[in-house]
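Here is how the chains run, residue by residue.
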Amino acid sequence: MPFNQKHLLGIKDLSKEEIMTILEVAESFREISIREIKKVPTLRGKTIINLFYEPSTRTRSSFEIAAKRLSADIINFNSSTSSVAKGESLKDTVLNLEAMKPDAIIIRHPASGAPYFLTTFCKSSIINAGDGTHEHPTQALLDALTIKQEKGDFSKLKVVIAGDILHSRVAKSNIFLLTKLGAKVILSGPPPLIPPEFKEFGAEIDYNFDNALKDADIVMMLRIQLERQGKNFFPSLREYRNLYSLTLERMEKAKKDAIIMHPGPINRGIELSAELADSSRSAILKQVENGIAVRMAILYLLLGGGRK
Amino acid sequence: MKLLIKNGRVIDPSSNIDDTLDILIEKGKIVNIKSKIEDKQAKIIDATRLIVAPGFIDMHVHLREPGREDKETIESGSKAAARGGFTTICCMPNTDPVNDNRGVTEYIISEARRKAIVNIYPIAAISIGSKGKELTDMVDLKEAGAIAFSDDGQPILDSNLMRRALEYSKLIDTPIIDHCEDKFLSQNGVMNEGFYSYLFGLAGIPSAAEEIMIARDLILAEKTGARLHIAHISTKGSVEYLKMAKEKGVRVTAEVTPHHLILADSCLETYDTNLKVNPPLRSKSDIMALRNALKEGIIDVIATDHAPHTEDEKNVEFDFAPFGINGLETAVSLILDQCVNSGIISIQKCIELFSTNPALILGLKSKGKIQIGADADITILNLHKEIVIDKNKFQSKSRNTPFHGWKLKGTPVMTIVDGKIVWDER
Numbered sequence: 001m002p003f004n005q006k007h008l009l010g011i012k013d014l015s016k017e018e019i020m021t022i023l024e025v026a027e028s029f030r031e032i033s034i035r036e037i038k039k040v041p042t043l044r045g046k047t048i049i050n051l052f053y054e055p056s057t058r059t060r061s062s063f064e065i066a067a068k069r070l071s072a073d074i075i076n077f078n079s080s081t082s083s084v085a086k087g088e089s090l091k092d093t094v095l096n097l098e099a100m101k102p103d104a105i106i107i108r109h110p111a112s113g114a115p116y117f118l119t120t121f122c123k124s125s126i127i128n129a130g131d132g133t134h135e136h137p138t139q140a141l142l143d144a145l146t147i148k149q150e151k152g153d154f155s156k157l158k159v160v161i162a163g164d165i166l167h168s169r170v171a172k173s174n175i176f177l178l179t180k181l182g183a184k185v186i187l188s189g190p191p192p193l194i195p196p197e198f199k200e201f202g203a204e205i206d207y208n209f210d211n212a213l214k215d216a217d218i219v220m221m222l223r224i225q226l227e228r229q230g231k232n233f234f235p236s237l238r239e240y241r242n243l244y245s246l247t248l249e250r251m252e253k254a255k256k257d258a259i260i261m262h263p264g265p266i267n268r269g270i271e272l273s274a275e276l277a278d279s280s281r282s283a284i285l286k287q288v289e290n291g292i293a294v295r296m297a298i299l300y301l302l303l304g305g306g307r308k
Numbered sequence: 001m002k003l004l005i006k007n008g009r010v011i012d013p014s015s016n017i018d019d020t021l022d023i024l025i026e027k028g029k030i031v032n033i034k035s036k037i038e039d040k041q042a043k044i045i046d047a048t049r050l051i052v053a054p055g056f057i058d059m060h061v062h063l064r065e066p067g068r069e070d071k072e073t074i075e076s077g078s079k080a081a082a083r084g085g086f087t088t089i090c091c092m093p094n095t096d097p098v099n100d101n102r103g104v105t106e107y108i109i110s111e112a113r114r115k116a117i118v119n120i121y122p123i124a125a126i127s128i129g130s131k132g133k134e135l136t137d138m139v140d141l142k143e144a145g146a147i148a149f150s151d152d153g154q155p156i157l158d159s160n161l162m163r164r165a166l167e168y169s170k171l172i173d174t175p176i177i178d179h180c181e182d183k184f185l186s187q188n189g190v191m192n193e194g195f196y197s198y199l200f201g202l203a204g205i206p207s208a209a210e211e212i213m214i215a216r217d218l219i220l221a222e223k224t225g226a227r228l229h230i231a232h233i234s235t236k237g238s239v240e241y242l243k244m245a246k247e248k249g250v251r252v253t254a255e256v257t258p259h260h261l262i263l264a265d266s267c268l269e270t271y272d273t274n275l276k277v278n279p280p281l282r283s284k285s286d287i288m289a290l291r292n293a294l295k296e297g298i299i300d301v302i303a304t305d306h307a308p309h310t311e312d313e314k315n316v317e318f319d320f321a322p323f324g325i326n327g328l329e330t331a332v333s334l335i336l337d338q339c340v341n342s343g344i345i346s347i348q349k350c351i352e353l354f355s356t357n358p359a360l361i362l363g364l365k366s367k368g369k370i371q372i373g374a375d376a377d378i379t380i381l382n383l384h385k386e387i388v389i390d391k392n393k394f395q396s397k398s399r400n401t402p403f404h405g406w407k408l409k410g411t412p413v414m415t416i417v418d419g420k421i422v423w424d425e426r
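These protein sequence lines are chains B and U, in that order. Going by our numbering, the residue at position 252 of the first sequence is 252; the numbering climbs one at a time, nothing skipped. Going by our numbering, the residue at position 341 of the second sequence is 341; the numbering climbs one at a time, nothing skipped.
Chain U on its own, in the form it takes in the complex (with noise of 0.2 Å):
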């Protein structure tokens, strides 16, 4: 089945292309790109007044299968990810059991294959178990699929391992993503340390958790000449380091998520367990922080740190809340909303958080590109459509979000994988 999108203004930042165009797609590939094209046998998509982009990249999602299939499995993840405008989303290793080995990874893959209606690429543990001690087998997790390495989740204290996983990952060329939080000062801390931490009385997380974590990592990236991914940046000071490392060359890219750019922690007045997050949310000067880097592109990637939880295991006491916010269906929105229309970052700017750049760092050549020969993978997108985003209609099985009733302008609404509309609201 051909599909043709005609008349949406084409964006890709890879190839600096912004136009009124026609793309004609083929067996999963993109096979023509110019203005007015014609095809009778195609199945035609008016895109007259949308956006039409490379597919959505999420780089960092939690599909908790194996293990939590009551909080989100490979399938309702997928289908979470499609509904928010992704056609690419990679899965962290904090799984039950641990994905640090050739039969998880494998495991992942299939199933995937089976129920997936996205494109799903695992991210294999650093250590086994993720318990900081041993490195996996990186090259044959590489060959199995793994896309890049982390122990999200369980930071990696020792100085030590971290080198060695960098080095090591020289024979692979793949990331390393590090979660930066340094335990011994996060200890049992539940929000971002400070005046509204004293506020509220709850236990703070300093911001040094993440700086120093992120200075010894950008320290280590710069010995070994490794690939250093550094996952959900929150901080004003970890922007800083980062910038000064981006400046002597260091090979580092970095993350923000869309929570992080939005949410002060004044708001945990309400103590609603939905905003709880690690790390937590920071204050209004680490936001401007943090939107400033993404303007001047400190900052590579925005992506959701999509973290399904039980309404159960949420609906308790602040302090015995899991840490996580749900999302791959409010992400997209959001940015555009708060973001793009207002004027934040352009929305070129915007795909290459989205698309671009996550295809460049995680080496899928085809992948994060409108261009003749590159996979299919559209994300079509309304700045002008408004939407009230309902914890309800989530395709993810759980509905943890503190952004349930908020009225955004901008949205996705039509998602291709592989030449196939897998999503279509518009």
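One chain only, chain B, in its complex shape (with noise of 0.2 Å):
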């Protein structure tokens, strides 16, 4: 099993071998979830530190359970607010952690590269579970094991994800993934909000949703963020939802058994109408189920099994 990083810092650093070597020990730990007795203990002893400066409903507990079920030790650092206002500079703050000798730090914060900076100073696996608008990797990774059950091989899918590009660390890192496993990707958006640059990474820009919707066997929402208005990135929410809002009606130009996903949480009704998320086409909730395995994995092959 190709897999000998100490850290996940982001999808850019991965080869397509380690992404397929998590997606399989992702997809041999799913059995676990659905057991009457929710426990192994392949981790028993290692101290896990959730360290999240950002709200987090999603990946923080899918963490959490993810390490409890490898019988991992997992605590939770939870500040919504940057270390810098509060005076404590974020060093400082991990440095009294990495003190009580943690395995592995997760760490969420709205400062691309947080992450990486952790790793100039720490012992702990560093994980990055979401860092300003960099990456999200772990998110990837379950958006990638999802894809794989649905539709199998990659290479031959049209992957649609519409919304904020620019400012989407999901994206960023779902374009570095998908492109790397041989997917056409396609980005859709109001033109602000994706810049010509990103074709650099290998995707495809159509700022016609319609059009980069046909034959699409995957479609990707992103959250509009709502901070985001009056930044004029789009004129109004309203001609938002006209040109960006994935409905029923627009869903008929892709294929007929294309998938719908989505990162959560979800604006129901602007990126996505209620009707469709809450169809059978919609993914969404089998991603967040997938996201305990995917990080199953990843702390496995992190702490345990993987590295030499």
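What the hints contain is simulated information worked out from the structure, not anything from laboratory work. The structure presented is a predicted model; accordingly, all values stated were derived computationally and were not measured. Do not take every clue at face value.
In silico BS3-like pairs for lysine-lysine, Cα to Cα no more than 30 Å straight-line [to be verified]:
#1 K199/B <-> K236/U
#2 K133/U <-> K231/B
#3 K115/U <-> K365/U
#4 K314/U <-> K12/B
#5 K16/B <-> K6/B
#6 K183/U <-> K199/B
#7 K314/U <-> K101/B
#8 K391/U <-> K123/B
#9 K27/U <-> K142/U
#10 K284/U <-> K12/B
#11 K223/U <-> K314/U
#12 K256/B <-> K184/B
#13 K314/U <-> K393/U
#14 K40/U <-> K420/U
#15 K231/B <-> K236/U
#16 K6/B <-> K314/U
#17 K183/U <-> K123/B
#18 K183/U <-> K133/U
#19 K123/B <-> K142/U
#20 K183/U <-> K231/B
#21 K131/U <-> K314/U
#22 K131/U <-> K231/B
#23 K43/U <-> K420/U
#24 K16/B <-> K231/B
#25 K284/U <-> K223/U
#26 K131/U <-> K142/U
#27 K91/B <-> K133/U
#28 K46/B <-> K68/B
#29 K256/B <-> K180/B
#30 K199/B <-> K284/U
#31 K170/U <-> K142/U
#32 K284/U <-> K180/B
#33 K393/U <-> K91/B
#34 K365/U <-> K391/U
#35 K407/U <-> K284/U
#36 K123/B <-> K148/B
#37 K314/U <-> K91/B
Using the hints, put the two chains back together into the complex; each one sits in its own frame.
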């Protein structure tokens, strides 16, 4: 099994083989979550810290459950504000936590590169649970696991990612991952939110959402961050909804068996219509379920069996 | 005490001298220049195989005093300058309080007189508090010793204020130095906007933020006939506008920093906050354009934009770190290695950029030249000596350099200010 990383910082740093290894291990861990006793002793005696500088429901609890199902001890450190605003620097906070001898630190932080910064002075494995507008590698991996289960081979797929690409770490990690696995990725959204340079990542851009959707196998919708309103990335929510909301009618343009994905939280009725979100074409809850298996795989590969 | 610099290769672009000559210095002035001077009373400096140049002038330095003496002081900054081969530095007014009145200007000059080992000239603010609203008393400030005017770091967004500043400066024929940045475009950006800012997820500062302001300033300089100096030019587009304006005869000069000539935005993959600087490190094609502009004489000056920050301030998430690179003690070696020894510019051109041209721009009539009667400010260079940049040896109070550990060939080895040896690392 080729996997020799100490940290998980971004999809950018992983080879195609390493990604496939993670997905295989995750696949084998799925079964644990449907047992009556949902726990294995694999990481007993390992200590993990969940260090979240941004609000999170899914990712934080998903990591926590993943760690617990592998019998690791996990503690949560929550901070709704940045370290700087609190007065203690991130470095000081983490050095203090490091003194408690954790094996891994899972960090979510509003500043891009914060997980890289930690690796410059930490002994623990650092796991990126989302940094600024940079990467969210475990989200892309759980998306990949979901796509693999639904569609199998990546190389024949047309994946449309729509919305605020510029500010989305989920989009970024997914572009890196899906292009590495050979899928065709089309980005759609208002031009100010998709700079042309994104083509250099191996994706295509189609600002016309209706065109982009033609024959898509996967439609991945991103949450439009309401705080972007009034900054002129797009004129109004009304106009945004008219052009980029995924509705039943628009979904007709995609393939018949196309699935809908969304990293959550959803703005119902804005980027995604409620009836689609709740329809059988939606893989959203499957994504959440797969999140546990993928995070178990990451913890296992970084702390247990993977590293030599 | 007389000094006699013997057997050096004396290069003075202002008089087209490039020859092996001796220089006799007495009472702070150059009193004789010719081959084979003998003087029994003089202390002899053997400059064999060394280059003897007019003292280097850094016209863009942040000394942080008054206000942030934990980062740098007039004294420590002057030592850093001496070690880096500079005999004269000009300090920007973004101190606390801002240098927008005679009191602060005089304080800097008197502190410099007491504690500095190189010449220090304050640059005063264009607007009160550098707030971009009302002009400072420029004539009074000039009389108090201000050598130029700038709201560096707080770019003047109001075009009318910029126009009035340029017009008014004609009373004193002193350059207006502008940090060209349209803050509406740069917003909360922390690096050059482009492929790499998207790759690293860092907010971008587009080239247009600089180019729009440069274009505006050039138009205003042309209309007013006043003297404009553009600080730390960083983009290919800026060079094109500058070239066009110079061809039209606009009275404009421009400087570039060593880091903008050497480092590209792609190196930010480490998220090293020592690479966070404003204007940001640009693309490889911008670097090529800047290097060409040096060669062609479109850019007049190399200046460091020496911006000391404490280690604690830089040891944070990239978004939260302050902008700035500590430049005084690395600039000359970097340029000798990366631009002169690599064949991009000649050593004569290098001296012109570091000494002759800044002296002309700032109106320092007895500096920037090696001539009888000129000030005895001398920078001696060794083009062959190999050094390793070690931030722990800095005289600056701060250590924020991205060049720590770089091996370079070519370095300043002696700095003479006002006829006195203030640094000697031969």
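Consistency of the hints with the structure:
| no. | hint | result |
| --- | --- | --- |
| 1 | K199/B <-> K236/U | 23 Å, holds |
| 2 | K133/U <-> K231/B | 26 Å, holds |
| 3 | K115/U <-> K365/U | 24 Å, holds |
| 4 | K314/U <-> K12/B | 26 Å, holds |
| 5 | K16/B <-> K6/B | 17 Å, holds |
| 6 | K183/U <-> K199/B | 28 Å, holds |
| 7 | K314/U <-> K101/B | 26 Å, holds |
| 8 | K391/U <-> K123/B | 25 Å, holds |
| 9 | K27/U <-> K142/U | 27 Å, holds |
| 10 | K284/U <-> K12/B | 22 Å, holds |
| 11 | K223/U <-> K314/U | 42 Å, violated |
| 12 | K256/B <-> K184/B | 18 Å, holds |
| 13 | K314/U <-> K393/U | 19 Å, holds |
| 14 | K40/U <-> K420/U | 18 Å, holds |
| 15 | K231/B <-> K236/U | 28 Å, holds |
| 16 | K6/B <-> K314/U | 26 Å, holds |
| 17 | K183/U <-> K123/B | 40 Å, violated |
| 18 | K183/U <-> K133/U | 16 Å, holds |
| 19 | K123/B <-> K142/U | 56 Å, violated |
| 20 | K183/U <-> K231/B | 15 Å, holds |
| 21 | K131/U <-> K314/U | 26 Å, holds |
| 22 | K131/U <-> K231/B | 25 Å, holds |
| 23 | K43/U <-> K420/U | 11 Å, holds |
| 24 | K16/B <-> K231/B | 38 Å, violated |
| 25 | K284/U <-> K223/U | 34 Å, violated |
| 26 | K131/U <-> K142/U | 20 Å, holds |
| 27 | K91/B <-> K133/U | 39 Å, violated |
| 28 | K46/B <-> K68/B | 10 Å, holds |
| 29 | K256/B <-> K180/B | 26 Å, holds |
| 30 | K199/B <-> K284/U | 19 Å, holds |
| 31 | K170/U <-> K142/U | 12 Å, holds |
| 32 | K284/U <-> K180/B | 26 Å, holds |
| 33 | K393/U <-> K91/B | 25 Å, holds |
| 34 | K365/U <-> K391/U | 34 Å, violated |
| 35 | K407/U <-> K284/U | 21 Å, holds |
| 36 | K123/B <-> K148/B | 34 Å, violated |
| 37 | K314/U <-> K91/B | 11 Å, holds |
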